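Enquirer: Residue numbers (the working numbering), protein chains in the order written: chain A, 1 to 244; chain V, 1 to 244.
Mixed in with the good hints, there may be bad ones.
[As the list claims (entries may be wrong)] Simulated coverage check for chain A against chain V, where a stretch passes if three residues somewhere in it have a Cβ under 8 Å from a Cβ of chain V: (1) 5 to 12; (2) 86 to 100.
[Unchecked claim] Now the stretches of chain V that chain A is said to cover, found in silico as 3 or more residues with beta-carbon under 8 Å: (3) 8 to 21; (4) 85 to 97; (5) 119 to 128.
Source of the hints: derived by calculation from the structure; they are not laboratory data. These numbers come from a predicted model, not from an experiment. The beta-carbon is built from N, C-alpha and C at its ideal position, and this holds for glycine as well.
2 protein chains.
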Amino acid sequence: MKNIALTLMYDGSNYFGYQRQTGFLTIQQVVEECISKITKEKITVSGCGRTDSGVHALNYVLSFKTNSQMPVDKYPVALNSILPNDISVKSAKEVSDDFDGRFSVKQKTYIYKIHNSEIPNPFVQNYAYHYKYKLDLEKMKEAAKYIVGTHDFKCFMASGAQVKTTVRTVYELTFEQNGDDIQMSITSNGFLYNMVRIIAGTLMYVGGGKLNPQDVKNIIESKDRRLAGITAPPQGLYLKSVEY
Amino acid sequence: MKNIALTLMYDGSNYFGYQRQTGFLTIQQVVEECISKITKEKITVSGCGRTDSGVHALNYVLSFKTNSQMPVDKYPVALNSILPNDISVKSAKEVSDDFDGRFSVKQKTYIYKIHNSEIPNPFVQNYAYHYKYKLDLEKMKEAAKYIVGTHDFKCFMASGAQVKTTVRTVYELTFEQNGDDIQMSITSNGFLYNMVRIIAGTLMYVGGGKLNPQDVKNIIESKDRRLAGITAPPQGLYLKSVEY
Numbered sequence: 001m002k003n004i005a006l007t008l009m010y011d012g013s014n015y016f017g018y019q020r021q022t023g024f025l026t027i028q029q030v031v032e033e034c035i036s037k038i039t040k041e042k043i044t045v046s047g048c049g050r051t052d053s054g055v056h057a058l059n060y061v062l063s064f065k066t067n068s069q070m071p072v073d074k075y076p077v078a079l080n081s082i083l084p085n086d087i088s089v090k091s092a093k094e095v096s097d098d099f100d101g102r103f104s105v106k107q108k109t110y111i112y113k114i115h116n117s118e119i120p121n122p123f124v125q126n127y128a129y130h131y132k133y134k135l136d137l138e139k140m141k142e143a144a145k146y147i148v149g150t151h152d153f154k155c156f157m158a159s160g161a162q163v164k165t166t167v168r169t170v171y172e173l174t175f176e177q178n179g180d181d182i183q184m185s186i187t188s189n190g191f192l193y194n195m196v197r198i199i200a201g202t203l204m205y206v207g208g209g210k211l212n213p214q215d216v217k218n219i220i221e222s223k224d225r226r227l228a229g230i231t232a233p234p235q236g237l238y239l240k241s242v243e244y
Numbered sequence: 001m002k003n004i005a006l007t008l009m010y011d012g013s014n015y016f017g018y019q020r021q022t023g024f025l026t027i028q029q030v031v032e033e034c035i036s037k038i039t040k041e042k043i044t045v046s047g048c049g050r051t052d053s054g055v056h057a058l059n060y061v062l063s064f065k066t067n068s069q070m071p072v073d074k075y076p077v078a079l080n081s082i083l084p085n086d087i088s089v090k091s092a093k094e095v096s097d098d099f100d101g102r103f104s105v106k107q108k109t110y111i112y113k114i115h116n117s118e119i120p121n122p123f124v125q126n127y128a129y130h131y132k133y134k135l136d137l138e139k140m141k142e143a144a145k146y147i148v149g150t151h152d153f154k155c156f157m158a159s160g161a162q163v164k165t166t167v168r169t170v171y172e173l174t175f176e177q178n179g180d181d182i183q184m185s186i187t188s189n190g191f192l193y194n195m196v197r198i199i200a201g202t203l204m205y206v207g208g209g210k211l212n213p214q215d216v217k218n219i220i221e222s223k224d225r226r227l228a229g230i231t232a233p234p235q236g237l238y239l240k241s242v243e244y
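The following block holds chain A by itself, in its conformation from the complex (with noise of 0.2 Å):
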């Protein structure tokens, strides 16, 4: 029995996210279906995280197990040629038995894309978040260095999600900007629920003069969801990379 890992690109658009829901199109099944009609087995995959609907994936990572004799690197021009458009298999190597796609995760990056311009861009309205009023980059910046670091970041999880402890570690924070097109990279061992896209919504607070800098320093410090910014819309995040 071989055990595979597979690093997917996908355009979430048009998908009730990526975990398996009865009754709703995701990418799980969508992917889990694929790869059993090339293995001919019932194939269980094991992915590196749960992303929403609407949300993207730049290297999404996933592991399964198969008894199939076909050699590993033929598996992104099988699969690619009967996956939809909007899911793509960038490649696959086998991986040690105790790999696993989902429990094995160090950490991860998330991006996310804001389109800061008062004219609507119609290419960029399922990829980025249009945003019309001029956001202050540089203030931005300074709040984000409140987050890098260990803190309880329960201010930044969305109400309801149940975890054991709300304590992670933020390594790096960064803006770029490219001319209209604003990128946030963000790189922690854990995310809660909502995480990334409360962040970024709290940090276009501060770019549009509603929070200061260092308000973001006492939000943290509050563990209180409604003193943080809105969740920004999904179709501007994206999972970037993924670290085992």
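Put chain V on the given structure of chain A with help from the hints.
Expert: Relative to chain A, chain V alone:
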């Protein structure tokens, strides 16, 4: 009465092209309906050209006449608030009485985008032509030299189209490459039906080794559509700019 020119950007993926057709959703119909709502008159626009189903525009110019007293600089915000997300108005200006969005055109520039990679990219499925075999860009550039200039381009016109003359002048035909993304840019005083897509298809035959660069000279001289390459698919094509 004012004569107003608008510059639009649109994602053509969900439309049956630019030009009004009974029973099919087109850019022209949607834009005319939205302008009519704002001016409270029945508006007919004169647009700089037809684009086919699935073809996009970065700077599409059209003009219309109105008795509305609304200041011209209010049109972009007013229209963007009611247009669907895949069409947006970039600018509006008052033009002289004799300006006509269609008949005053002097030259246009189109771009054609090719994603040249073994792995399909889900994010460009509607925005570029995915071609998986390596293209030789130097050969394509060499072949492009035979196209620049004033020629009878009958070989690059979809069969069945009716025009007075098939002579056109191509001012510029260039290529840019950025990683796996190739972009062809072509400027002419006029384009025959499907001309850019047939030129793209023919130059891709050259890049893929099916034709030699010098063959393009003979194809033009033959005036025979059957000797040229395929009509490259619509999703790679963008109207980039119009000169008046």
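Enquirer: Against each hint, give a clear statement of whether it holds in the structure.
Expert: These are the hints, each one checked on the structure:
no.: 1; hint: 5 to 12; result: holds (count 3)
no.: 2; hint: 86 to 100; result: holds (count 5)
no.: 3; hint: 8 to 21; result: holds (count 3)
no.: 4; hint: 85 to 97; result: holds (count 6)
no.: 5; hint: 119 to 128; result: holds (count 7)
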